[in-house]
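Spelled out, the chains give:
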Amino acid sequence: MSGFDKVVNSYEEAMAGLEDGMTIIAGGFGLCGIPENLIGEIKRKGTRDLTIVSNNCGVDGFGLGVLLEDKQIKKMVSSYVGENKLFEEQLLAGELEVELTPQGTLAEKMRAGGAGIPAFYTATGYGTPVGEGKEVKQYGDRNYILEESITGEFAIVKAWKADRFGNLVYRHTAQNFNPMAATAGKITVVEVEEIVEPGELDPTQIHTPGIYVDRLIQGTFEKRIEQRTVRQA
Amino acid sequence: MSLTREQLAMRVARELQDGYYVNLGIGIPTLVANYVPDDMDVMLQSENGLLGMGPFPTDDQVDADMINAGKQTVTTVTGASIFSSAESFAMIRGGHVDLTVLGAFEVDVMGNIASYMIPGKLIKGMGGAMDLVAGADNIIVTMTHASKHGDSKLLPQCTLPLTGASCIKKVVTDLAYLEIADGKFWLKERAPGISVDEIVKKTAGELVVPEVVPEMQF
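These protein sequence lines map, in sequence, to chains A and B.
With our numbering as the guide, the letters of the first sequence map in order to residues 15 to 247.
With our numbering as the guide, the letters of the second sequence map in order to residues 43 to 260.
Don't read these hints as lab results, they were simulated from the structure.
C-beta atoms are modelled at their ideal positions from N, C-alpha and C, and glycine is treated no differently.
Hints are not guaranteed to be accurate.
No farther apart than 30 Å at their CA atoms in a straight line, the calculated lysine-lysine pairs in the DSS-like style are these [stated by the list, open to error]:
| # | chain 1 | residue 1 | chain 2 | residue 2 |
| --- | --- | --- | --- | --- |
| 1 | A | 89 | B | 163 |
| 2 | A | 89 | A | 237 |
| 3 | A | 57 | A | 175 |
| 4 | B | 226 | A | 85 |
| 5 | B | 243 | A | 148 |
| 6 | B | 211 | B | 226 |
| 7 | B | 163 | A | 59 |
| 8 | A | 88 | B | 226 |
| 9 | A | 88 | B | 166 |
| 10 | A | 88 | A | 148 |
| 11 | B | 243 | B | 226 |
| 12 | A | 57 | A | 99 |
| 13 | A | 237 | A | 59 |
| 14 | A | 148 | B | 163 |
| 15 | B | 166 | A | 85 |
Covered by chain A, per the in silico footprint, the following chain B stretches (three or more residues, Cβ under 8 Å) [as the list claims (entries may be wrong)]:
| # | region |
| --- | --- |
| 16 | 91-100 |
| 17 | 119-127 |
| 18 | 168-181 |
| 19 | 204-210 |
| 20 | 236-248 |
Can you build the whole structure from these sequences, using the hints too?
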């Protein structure tokens, strides 16, 4: 039974095996639902030439932005970047490569990658710079481009709760890209706010089944807010 | 007078229907939420994975795990649902969203739209805009009719890289409401006090002007 226990005891153990040049799929949208401690561990390890697939690249000093400080990222695959100065500097200096990918295509690339589908046709991006050089196929009266799916040596995921078997529940919009990222890693590492015993989570309410999860760790989170916007009470 | 941002939003809001699921882009489109008629239920979709977006939170309601596509803290309305990005874009790409409202730099007579690359500036990315314009059937573009220098943004052919091809059918500008069909702009309404001549002058793409162009009422 303990063969299903995914819990590891340290962040070092959680990211063991990560090497230079690998591809990491990361969950999160902006700074919401990002695996902030796993990112911190990648920074501590100093792994370089990484390709990171994530909707955004954090901000200066937080989230994936910290990996720019020591130039650990070679390439970003994202839908929206440049909320950070360092990113812009490295991009303009040619030290960083960016593959801009429409947000829905990015989510589907991860989903398809995790589901064993190597490529898919989508109307998104047809007739735009995104479609340049890609195969076009007509279905009905519309044109579609062929987009290849993405998998990575690692996926890093943030969830709210997990049981020891790696069944995951996300909280609010911190879900975002995390469920797809969880499926697309050869090694999927998940950090959560709380780990409970198997049986304590309602099986009908699981977002990500434990089959996708290889390593699980409980952490504490800063949860920085990018655009704190309030109204008067 | 050309329409204010609020009037633009008010004009767009007239396209809403009870029971509509709506995705509003950043900027003027966001203001449309302020003009949903009281007798109508509309659910706002936020592409980071939220259907039923509510107003901004009060100070004590702020939750870092509860944001919109603009990364602002938000709340949910009764009957909201939250889901993954793949699910969110499945509803967008699958054509399930009833109305999409977004801004643009240029549109042309073929219904092409350019909205994500500003010339001479660093490209930050398209976010979900390409998915939204490719997936939605009912899209309204809001923008100013011409640039500050007076250059028309309604063109025979977009000059900037496209966000989507042949996907725009309705445009609300500060001067007019127009539709796009058969490779032409069709003038449908004009802003209060704006002459047809001015609209013609500021529309670079082919424009069909009917005998009577009703004035928008506010």
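Going through the hints against the structure:
Between the alpha carbons of residue 89 (chain A) and residue 163 (chain B) the distance comes to roughly 20 Å, so the proposed pair stays at or under 30 Å and holds. For the suggested pair residue 89 (chain A) and residue 237 (chain A), the alpha carbons sit about 25 Å apart, so the restraint of at most 30 Å is met. Between residue 57 (chain A) and residue 175 (chain A) the CA atoms are separated by roughly 25 Å; this keeps the pair inside 30 Å, and the hint holds. Between residue 226 (chain B) and residue 85 (chain A), the direct Cα distance comes to roughly 50 Å. Violation of the 30 Å bound is thereby established for this hinted pair.
Distance restraint check for residue 243 (chain B) and residue 148 (chain A): the Cα-Cα separation of roughly 39 Å exceeds the 30 Å cut-off, and the hinted pair is therefore not satisfied. A C-alpha spacing of about 10 Å is found between residue 211 (chain B) and residue 226 (chain B), which places the hinted pair at or below 30 Å, so the restraint holds. Only pairs whose Cα atoms come within 30 Å are accepted, and residue 163 (chain B) paired with residue 59 (chain A) is rejected, the gap being roughly 35 Å. Taken as a hint, the residue 88 (chain A) and residue 226 (chain B) pair is broken in the structure, with Cα atoms around 45 Å apart against an allowance of 30 Å.
A C-alpha spacing of about 17 Å is found between residue 88 (chain A) and residue 166 (chain B), which places the hinted pair at or below 30 Å, so the restraint holds. At roughly 23 Å between alpha-carbon atoms, residue 88 (chain A) and residue 148 (chain A) fall within 30 Å of each other, so this suggested pair holds. With a C-alpha separation of about 15 Å, the suggested pair residue 243 (chain B) and residue 226 (chain B) falls inside the 30 Å cut-off, and the hint holds. For the hint linking residue 57 (chain A) to residue 99 (chain A), the alpha-carbon distance of about 18 Å falls within 30 Å, and the restraint holds.
Taking the CA atoms of residue 237 (chain A) and residue 59 (chain A), the gap is near 22 Å; set against the 30 Å cutoff, the hint holds. A threshold of 30 Å between alpha carbons decides the hint, and for residue 148 (chain A) with residue 163 (chain B) the separation of about 26 Å falls inside it, so the pair holds. This hinted pair checks out: residue 166 (chain B) and residue 85 (chain A) have alpha carbons roughly 19 Å apart, not beyond 30 Å. Counting residues of the region 91-100 of chain B whose CB lies closer than 8 Å to any CB of chain A gives 6, so the stated coverage by that chain holds, three being the minimum.
Proximity of the region 119-127 of chain B to chain A, defined as three or more residues with a beta carbon under 8 Å from a beta carbon of that chain, is established by the 4 residues found. Counting residues of the region 168-181 of chain B whose beta-carbon sits less than 8 Å from any beta-carbon of chain A gives 8, enough to reach three: the coverage restraint holds. Coverage of the region 204-210 of chain B by chain A holds [criterion: at least 3 residues with CB-CB distance below 8 Å; count 5]. With a cut-off of 8 Å between beta carbons, the region 236-248 of chain B has 0 residues touching chain A; three or more are needed, and the interface restraint is violated.
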